[in-house]
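With chain W fixed as given, assemble chain B onto it according to the hints.
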Amino acid sequence: MNKILLVEPNKILSKTYGLAFEAAGFKVKICQSAHSAIMATDQQFPDIVILELNMAGHNGVEFLYELRSYPEWQQIPVIINTMTSKEALNISESVWEDLKIYDFHYKPQTTLSDLIKSARLALAVHGTPT
Amino acid sequence: MIEGNNDKSARLFIALAENLKLPLVQIAHGAEAGKIGQGAFETIETVAKHALQLADNYLMGLRAASGQLKLSLEPVSVSSVIYAVANDLEQLAKSYKCTIEVDYGYHLTPVMVNRSALKAALASLGQGFIELAAQSEKPAKIITLAAHGALHGVVAGVFADIDGLSKEVFSRGQALYGKAKTPLSQVSGENSAGIFIADSLFEQMDLKLRTARHNNQTGLAATLLPSRQLSLV
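If you read the sequences in order, they're chains W and B.
Each residue of the first sequence is one higher than the one before, counting from 1 in this note's numbering.
Each residue of the second sequence is one higher than the one before, counting from 1001 in this note's numbering.
To be clear, the hints were calculated from the coordinates, so they are not data collected in a lab.
Just to be clear, a hint being listed does not mean it is correct.
Here are the in silico distance ranges between beta carbons for each label pair [claimed, not checked]:
1) GLU72/W / GLY1149/B: 54 to 64 angstroms
2) SER1066/B / HIS126/W: 49 to 59 angstroms
3) SER1066/B / GLN74/W: 50 to 60 angstroms
4) PRO71/W / ASN1005/B: 47 to 57 angstroms
Keep in mind it's a predicted model, so treat the numbers as computed, not measured.
Heads up, the beta-carbon is just placed ideally off N, CA and C, and yes, glycines get one too.
Chain W extracted, bound-state conformation (with noise of 0.2 angstroms):
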């Protein structure tokens, strides 16, 4: 059973990802923190990584450099799930290549199946797939 490692400050949105997850065939740790998302990948390791960027203190761009900074962590595929439109944050594309972002969602324009099938299939790529 692949790990999920759910970056959401938003406790119902995270109740419902993980439900989804859950029933998708994923094993779930939900964290609501750049904080406690760093120390759940290091007691953890999970294989792919949700993230929402707007958190209150460290924000989801900090924990990314964080996460990329060890590098037994660099190759864990991460996906964005985020409130803020890609246009909105205004981060070059260099950036997220150099921060190994493996999908963006929106999440007003994201189904539960969309960010499901993206999460499969970064592990089809990077990882191991469920």
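Just chain B now, with coordinates in the frame of chain W:
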């Protein structure tokens, strides 16, 4: 440069529109989860109800600011408004795994406010605080709707254990809402429009929302002026 009313109103509208994306995503994803038997329909209903209420509260502030609605002052018992708002927010708090508590003295003097606007302001503030506090990973998240007597009237507001909510953070948020995605980024990864809608409603009643403490909690509150008429009775 001094900001005009139109700029402020546009910023508040942007903040509201951004904020409403969250409940709409919660509803859309919750409904999709329902198709695979994982839906929490009670949560969807609650989220929808409070999103509508936030839009209504925003409209009340906007109508008052444009002169379409007159917020007449009347003697109001703060405790009854707090109690009613707490009841309204209870289900939303539960969805976010928070608890709503009320705390007010029994001998608070009546205040001169517009009852509907005070209720809308405290409800918006409470909603903002639930979203704020729910992001904390601390186990016990208690949101307190409280009022206490002060030198010049009654201080009424919403309080919680939120690290980092200070006067500076709040004034920076007031300057940034509608421009930044997370105007209170030190304490929240969300848009927190409820807080700024409350701020505008208090402003329409010539009151000022500011950071305050109640017991050991930090929060935002306004000092409501006492009704001299009723205090003589």
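So, going through the hints one by one against the coordinates:
Hint check: GLU72/W to GLY1149/B, Cβ distance near 59 angstroms, so the stated range 54 to 64 angstroms holds. Taken as a hint, the range 49 to 59 angstroms holds for the pair SER1066/B and HIS126/W, whose Cβ atoms sit roughly 54 angstroms apart. Taking 50 to 60 angstroms as the suggested C-beta distance range, the pair SER1066/B and GLN74/W conforms, at roughly 55 angstroms. One distance hint, 47 to 57 angstroms for the beta-carbon pair PRO71/W and ASN1005/B, holds here, with the actual separation near 55 angstroms.
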